[in-house]
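Engineer: Required output: the full structure, derived from the provided sequences and hints.
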Amino acid sequence: METTKFKFNLRRFTFSALILYLVFLLGPIVGLDIPAIAASIKANPLQLVQFLIIGISNGAIIAIIALGYTMVYGIIELINFAHGDVYMIGVFTSLTVLSLTGTLESKDPGKIIFGLVLALVIAVVFCAILNAAIERLAYRRLRNAPRLAPLISAIGMSFIIENIGLMWAAQAWLVPSFGTTGGASQKSFPDMLGILFTSMGWDINLLASTGIALRFTIKDLLVIILAVTLMTGLYLFVQRTKLGKAMRATAQNRDAAKMLGINIDRVISATFLIGGGLAGAAGLMAGLYNNTAWWFMGFRAGLQSFTAAVLGGIGNITGGMLGGFLIGLLASFSDGYLNARWTNALVFATLVLILLFRPTGLLGEQTGQKA
Amino acid sequence: MLELKDVNTYYGNIHALKGISLTVNDGEIVTLIGSNGAGKSTTLRTIQGLIKPRSGSVVLDGVELQKLPAHEVATLGVAQSPEGRMIFPRMTVLENLEMGAYVRRDLSSFQNDLEHAFTLFPRLKERISQKGGTLSGGEQQMLAMARAMMAKPKILLLDEPSMGLAPILVELIFDIIKKLNQEGTTILLVEQNALMALSIAHRGYVLQTGEVVLADKAEKLLKDPMVQKTYLGVE
Chain X
11 METTKFKFNL RRFTFSALIL YLVFLLGPIV GLDIPAIAAS IKANPLQLVQ
61 FLIIGISNGA IIAIIALGYT MVYGIIELIN FAHGDVYMIG VFTSLTVLSL
111 TGTLESKDPG KIIFGLVLAL VIAVVFCAIL NAAIERLAYR RLRNAPRLAP
161 LISAIGMSFI IENIGLMWAA QAWLVPSFGT TGGASQKSFP DMLGILFTSM
211 GWDINLLAST GIALRFTIKD LLVIILAVTL MTGLYLFVQR TKLGKAMRAT
261 AQNRDAAKML GINIDRVISA TFLIGGGLAG AAGLMAGLYN NTAWWFMGFR
311 AGLQSFTAAV LGGIGNITGG MLGGFLIGLL ASFSDGYLNA RWTNALVFAT
361 LVLILLFRPT GLLGEQTGQK A
Chain V
72 MLELKDVNTY YGNIHALKGI SLTVNDGEIV TLIGSNGAGK STTLRTIQGL
122 IKPRSGSVVL DGVELQKLPA HEVATLGVAQ SPEGRMIFPR MTVLENLEMG
172 AYVRRDLSSF QNDLEHAFTL FPRLKERISQ KGGTLSGGEQ QMLAMARAMM
222 AKPKILLLDE PSMGLAPILV ELIFDIIKKL NQEGTTILLV EQNALMALSI
272 AHRGYVLQTG EVVLADKAEK LLKDPMVQKT YLGVE
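If you're matching them up, the sequences are chains X and V in order.
So in our numbering the end of the first sequence lands on 381, straight run, no missing numbers.
So in our numbering the end of the second sequence lands on 306, straight run, no missing numbers.
Incorrect hints may have been included.
As the list claims (entries may be wrong) - Computed list of lysine-lysine pairs in DSSO-like fashion (alpha-carbon distance at most 27 Å, straight line):
(1) V/K288 with V/K250
(2) V/K123 with V/K294
(3) V/K89 with V/K76
(4) V/K294 with V/K250
(5) V/K250 with X/K252
(6) X/K252 with V/K223
(7) V/K123 with V/K196
(8) X/K252 with V/K225
(9) V/K196 with V/K225
(10) V/K288 with X/K252
(11) V/K223 with V/K76
(12) V/K288 with V/K300
Read the hints as simulated data drawn from the structure, not as lab findings.
All values derive from a computational prediction rather than experimental measurement.
Structural biologist: Below is the structure:
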């Protein structure tokens, strides 16, 4: 026993050493120059903290989207591929509300705040209804069909919504900056928070007065506060309220839930409403934070959030939050120290590795006794 | 109070219940006995509305249940401790019991009912904040029964409460069923353990391949030669 164990370890060790050697040898060619990265961290440790801040802010947005994936998966074991696109619609809805209320041109702090709150409310409500409508139209009838059927239907919904986004991005009468050249290009989402705080005479960088060479902006702060509030709210809702408990019960045993008088159609609709609402909120946050709106942005955000949900353990709400922050950090460090073009590859390599070696994720749900 | 009339239920093309008729009166324990595949659990699932019968009627206090979805049947006062227990493995014992009371509008007596359930099943009180999935088989059975009781149903459906339990636990479970009935709960009990079931029931139905082949008072069924030979192992 002892020797085989030792041999096994030795082989693993050799294998890992070989991989490390190859990484050091070939890495610099593609931009993964570990000694150079180490040197740059040493030369500028504050930069590391800066990437940490960016990672946490982006991770907060990813986590909010990931919650929608994980809740839906938890309750009907479906990867709702249209979810990322609902988030994209959230970005477009909030931008449109800001445009139609005249907030985009305004310099009046009161008006900007009012516009932002209105945009948040409308984006949340609109995306919630959209997501529930998708379930009603495309998934409910397939509830007892083989699993592949609703999955394909979800991919179809994703294409439909992406094309709605493509058309939306060409409607200059809704948002003048969409222009007349068509909807395919990336559009700008004005930096309303920057404008708001400049107009109030504040520096957008909260650390400006301290003299530390770091940017921790009001945007980072707001994104993190909003994300943490939403997550706490969701967690309490699912743990404490009657509907939240009915959701968990339906996720754990649908027949038993029916027997106890739970209307599972209603519970599933509620799950989609909440997931869609969160995606809408994430849409506004992301628009304000990253200042872009693009019809295809739901695809990347969707895959990153899906990876986050799988990393945390799909079906597990706490896991979705944790996974979101981890993927945000991974993406930020990859953007900063490697190259932005590596980021997607790294995120998906993570997805593949988890699926291969730990399909239940970090906080994987114990299936428990079925009997 | 509960009456099934000529109920035919199918699983796909398989004719599982072939014209089942039975009644359960207020305050009774009625048992369905029969071997594997006789249609006992299917009968309970049909009453509950989890599967729809192709023809026939299920009437509870004048209301036809067979057209209603399962969750509405539950609100009308049918609760079940199902085959396989079906407790919620990642919810605590207390949460499982709360879900049992889901259909109740009036929760003023919830605390009392909880205490009552704990006097019947003291083990559950010890495990109150433990996750359902971590309980032993016997404890899960108790939880499934207690959860069904929390709905304060008009009729309690019990599916194989003795399955997989140690003999001493089986005795305990049957004592509790008797106690529940004495407190006024009407019970429809499905059992493979025919001797135990008939010894506490008022009346019984014998099911064979989806049909009622015998219906009588429990003490008479206990003496019936066919029942003795097939289900009680008496030569």
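Engineer: For a C-alpha distance cap of 27 Å, please report whether X/K252 and V/K225 respect it.
Structural biologist: OK: X/K252 and V/K225 at ~23 Å, within 27 Å.
Engineer: Please verify whether V/K89 and V/K76 have alpha carbons no more than 27 Å apart.
Structural biologist: holds (11 Å)
Engineer: Does the alpha-carbon distance linking V/K294 and V/K250 stay inside the 27 Å limit?
Structural biologist: holds (25 Å)
Engineer: Below or equal to 27 Å on CA atoms is what counts here, so check V/K123 against V/K294.
Structural biologist: violated (35 Å)
Engineer: If you draw a straight line from the CA of V/K223 to the CA of V/K76, is it 27 Å or shorter?
Structural biologist: holds (25 Å)
Engineer: Tell me if the straight-line CA distance from V/K288 to V/K250 falls inside 27 Å.
Structural biologist: holds (20 Å)
Engineer: V/K250 and X/K252 were given as a pair; does the straight-line alpha-carbon distance stay at or below 27 Å?
Structural biologist: violated (30 Å)
Engineer: Holds or violated: X/K252 with V/K223, Cα cutoff 27 Å?
Structural biologist: Roughly 18 Å separates the two Cα atoms, so the pair holds.
Engineer: Verify the proposed pairing of V/K123 with V/K196, using a straight-line Cα cut of 27 Å.
Structural biologist: Cα-Cα ~37 Å, so violated.
Engineer: Check whether the Cα positions of V/K196 and V/K225 lie no farther apart than 27 Å.
Structural biologist: holds (25 Å)
Engineer: Hint check: V/K288 vs X/K252, CA-CA at most 27 Å. Holds or violated?
Structural biologist: At roughly 43 Å apart (the allowed maximum being 27 Å), X/K252 and V/K288 break the hint.
Engineer: Is V/K288 close enough to V/K300, meaning Cα to Cα at most 27 Å?
Structural biologist: This hinted pair holds, its Cα atoms lying about 18 Å apart.
The structure fails hints 2, 5, 7, 10 (numbered hints given earlier, in ascending order).
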